Structures are given as structure tokens and as C-alpha cells.
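Peer 1: This is what each chain is made of:
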Amino acid sequence: MVLLTLLAAITVGIIRTRNLFAVVVLSGAYSFLMASVMIILDAVDVAMTEASVGAGISTVLVLGALYLTKIHEDPPRFSAAIPLIVCVATGAMLIYGTWDLPPFGTADQPVNIHVGAHYIAESARETDIPNIVTAVLASYRGFDTLGEVTVVFTAGIGVLLLLKRWGDA
Amino acid sequence: MNQDVVTELADRPLLEAIATSYNYWITIFLMVSGLYIVVARSNMIKSLVGLGIFQTSVYLLYLSPGKILGGTAPILTEGAQIYSNPLPHVLILTAIVVGVATLALGLALTVRVHEAYGTIEEDEITLIVDREDYAEAGEDAETTP
Amino acid sequence: MILDVILRVAAKMFIPFILMFGLYVQLHGDFGPGGGFQAGVIIAAAVILYAIVFGKDAATRVVPKWAVEQMVPLGVLIFAGVGVWSMINGGEYLNYNVLLHAGEPIGTYDAVHGQHWGVFLVEIGVLVTVTGTMLTIFYSFTGRGRPQ
Numbered sequence: 000m001v002l003l004t005l006l007a008a009i010t011v012g013i014i015r016t017r018n019l020f021a022v023v024v025l026s027g028a029y030s031f032l033m034a035s036v037m038i039i040l041d042a043v044d045v046a047m048t049e050a051s052v053g054a055g056i057s058t059v060l061v062l063g064a065l066y067l068t069k070i071h072e073d074p075p076r077f078s079a080a081i082p083l084i085v086c087v088a089t090g091a092m093l094i095y096g097t098w099d100l101p102p103f104g105t106a107d108q109p110v111n112i113h114v115g116a117h118y119i120a121e122s123a124r125e126t127d128i129p130n131i132v133t134a135v136l137a138s139y140r141g142f143d144t145l146g147e148v149t150v151v152f153t154a155g156i157g158v159l160l161l162l163k164r165w166g167d168a
Numbered sequence: 000m001n002q003d004v005v006t007e008l009a010d011r012p013l014l015e016a017i018a019t020s021y022n023y024w025i026t027i028f029l030m031v032s033g034l035y036i037v038v039a040r041s042n043m044i045k046s047l048v049g050l051g052i053f054q055t056s057v058y059l060l061y062l063s064p065g066k067i068l069g070g071t072a073p074i075l076t077e078g079a080q081i082y083s084n085p086l087p088h089v090l091i092l093t094a095i096v097v098g099v100a101t102l103a104l105g106l107a108l109t110v111r112v113h114e115a116y117g118t119i120e121e122d123e124i125t126l127i128v129d130r131e132d133y134a135e136a137g138e139d140a141e142t143t144p
Numbered sequence: 000m001i002l003d004v005i006l007r008v009a010a011k012m013f014i015p016f017i018l019m020f021g022l023y024v025q026l027h028g029d030f031g032p033g034g035g036f037q038a039g040v041i042i043a044a045a046v047i048l049y050a051i052v053f054g055k056d057a058a059t060r061v062v063p064k065w066a067v068e069q070m071v072p073l074g075v076l077i078f079a080g081v082g083v084w085s086m087i088n089g090g091e092y093l094n095y096n097v098l099l100h101a102g103e104p105i106g107t108y109d110a111v112h113g114q115h116w117g118v119f120l121v122e123i124g125v126l127v128t129v130t131g132t133m134l135t136i137f138y139s140f141t142g143r144g145r146p147q
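Chains as they are written, first to last, in numbering that gives the first Met the number 0: chain A, 0 to 168; chain B, 0 to 144; chain C, 0 to 147.
These are calculated hints, taken from the structure and not from any lab test.
This structure is a prediction, so every number in the text was calculated from the model and none was measured.
Treat the hints with care, since some could be wrong.
[Stated by the list, open to error] Stretches of chain A that chain B covers, calculated by requiring three or more beta carbons in the stretch to come under 8 Å of a beta carbon on chain B:
#1 14-23
#2 45-51
#3 82-88
#4 128-140
Glycine included, every Cβ here is placed at the ideal spot set by N, Cα and C.
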């Protein structure tokens, strides 16, 4: 619970800061806190990925982009009243939507009964891989992983097309 | 810790509601603030960071219902009875990697825009593009008889 | 430049351990948290650390750009190739149960063993593509240079 409050505080900091270098550092801290929250939620694979990708690669990429553009953000030109009202209204509607959600952490929610329970029960017999998340990712949902690898491949090619200076190796 | 808090406050309905729903509310707050950064700030790099915050709040939204109180990580070990639901973990793993791919492409586009227009503030770019459109329209009006 | 020396020495001590940790995460993805994506990012981070401390020219001498750019489609090819191998053996695309022949009766397949091999090869494909892409993106950003 303390971690979640810290997450919210860092987000407010990111909104208010104008120096983009500080924004990058704050977003690295945000990714690290998010990874800690994920460990508390028992998602260890996801926490490792979020820590390495969010706090590692994201920070490096945004710093690289900052080097090629500029560091300070200009003060906003138009008043931010309308976006603020829209966002607060959206948040209120979403909070109203969470009144009906099942209580946190129960085992008989619809999300935990059908497919998830089947994977937990069957994966030892069918694949003999202790890490159920890897078994589901690579075997039961292999097509999604193929699509994801293709997306990463496309992003690499896209960045090459946009940023490569032809003429040097 | 959440479980102890919940059983203590079970006879105080409002506090119980807050304790069990706190993660959803923080998730919604993160989602809304990410949305606010994308909509209200015109600096492109900050908008991309705000988009990242929005994406991470969606990860929290997916992972929270998958956690089972008293369960453990979904890795088969001796002595563990209850495992948390592994299905959201798989989906979010894919989502994180796709998110960083999108961020990389967005940053590459921002760099090219900066080279073309000299600025990365969206309002200034709108003004420059409008001025160019007016100039082109003016030239066309002069040259057509 | 005392600080420069500290950075160089510390980086030289760290980078082999980071590479070893990346390999560990990849190969133990079946038994603990880990797998292709995390390992790919960790290995890319080791090379990026080398590039940050020792300069981009030193890094491109050790891990050349053409190698990194070839790694990007190679991983996708490995992944898709496993699926084609399944189809050659008579199953559907990416059906790991039919990858390996069982010993005795000709025509049956060793399902669990096939699953192990399938997951292993697929994770290697993921590792290669993710490392290649992260390094390609990093090299593109740092190789661009400020406009004159």
C-alpha cells in the first residue's frame, strides 16, 4: 500500500517537472517501484521484465532521444482546464465501475476459474516445465509469442529506416 | 499484509471497501494521470513518457485480479498448494515488450520531427505547418489565372 | 581523470557478470523467473554499458553493426522454423508434441521431450531477436549525431 502511494507521488512529480532529464530519472524510479509492486502481486516474471525493460532500456532510449533533441519543456501555451476536467470525469466513472468488482484476492473470481486453473492443473503433466508462465508463453500461447517477436523485429526495422544514415556502415 | 488488514477491518464496511479497493483506485489514478500527460502536455517526449505511465497502469489493472491471497508465484515448487493465476502474467509480458517497441519507434519519429521542424512542441509545430499551408495557398492563388 | 579510471575498472569487472547473469536467466527460464525477453534485454544492457563507458567506436569494434542487424531477423527465423519443423513431422504449426520421434514404435512421438526442445529453441529465437533489436535501436540513436 505504501508502494502504491509512492507510485502516485512519483507520477505527480513527472507531471509537474519541466526539466526532461529529471522526468527520465523519475520514470526510471517509477519502473523500479512498479516492479516491486508486481513482486508483491506474485508476478515474478513480469517484475523482472518490467525492471529490465522499463528501468533499463526505456531510460537509455529516452536519454538517447533527449541527446538528439532538447532538454527543457516549454510552459503550456493553452490552459489545461478542459483536459483536467475530462480526466477527472473519466476517473470518477472508472471508480464507479470498480464498486462492482469482486473483492481483491479471492480464488473464485471468474478470471481465476476457467483457463488459469486449467493451466495450473495440466501443465506439469503435459509439458513438465516448472515455470508455468514460461510453459504458457512458449507452448500454450506460442502464437502470441511469435507475434510479439515479430513486433519487436518490426520496431527494430522501423527505427533503422528512420534513423540510419546511409553511407556509413 | 493486505490479508491482515482486511480481516481486522471486516466489521467496518467503509474502511474495508477502501482497503480492498485501494489498488484499483491507485491504478485508476495512474491511468488518468497518464491520460492527462498525453492530452494536456504538448512536448512530444513527455507525451511518450505519459503513454508509458498509462500502459503500466493497465498492467497493474490486469495483474491485480490474478493475485490469490495466500498463493505464491506460479512456479511449481514442493510444498506450495495455491498458485496465483499465470494467465495475466503471460499477457502482460507480451504487453511490456510491445510497449517498449512502441516507445522506441515514437522516439525515433520525434527525433526526425525535431530535425525537420526544429522543435518538438506540438503547438509550435501546428503553427509552423499552418504558416506553410497559408504560404502554399497564397502561391497557388497568385499563379492560377 | 580519476573518475574515468574508476568507471572503466568497475565496468570491466561488471560486464562479464552481467553477461553470465543474462545467460543464466535465459537457460533457467524453465525453473525460475526468466526466459528469452529478460535475458535478451540483460545482454543488450551489458553491451550498452560497454558502449557508454568505453565509447561507441570501441563497442562497434567488439559487436559490429552488421552482426547486430543480422541478429534481428535471425531470431524470428528460428522461431518460425520450429513451427515449420512441426509441420514437416505431421502436426500443426508450432505443435511441439510432434517434434521428436520416440524410440520404439515408429510413427509415435515423445510429447514431453518435444515440449522441452520446442520451448528451448523458441526461447533462443526470442533472445536473439530481442538482443539484436535493442542494440540496433541503441546504435541508431547514438550514431545519428546532432544536426549541424
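Peer 1: Provide an ascending list of the numbers of those earlier hints which the structure does not satisfy.
Peer 2: Failing hints: none at all.
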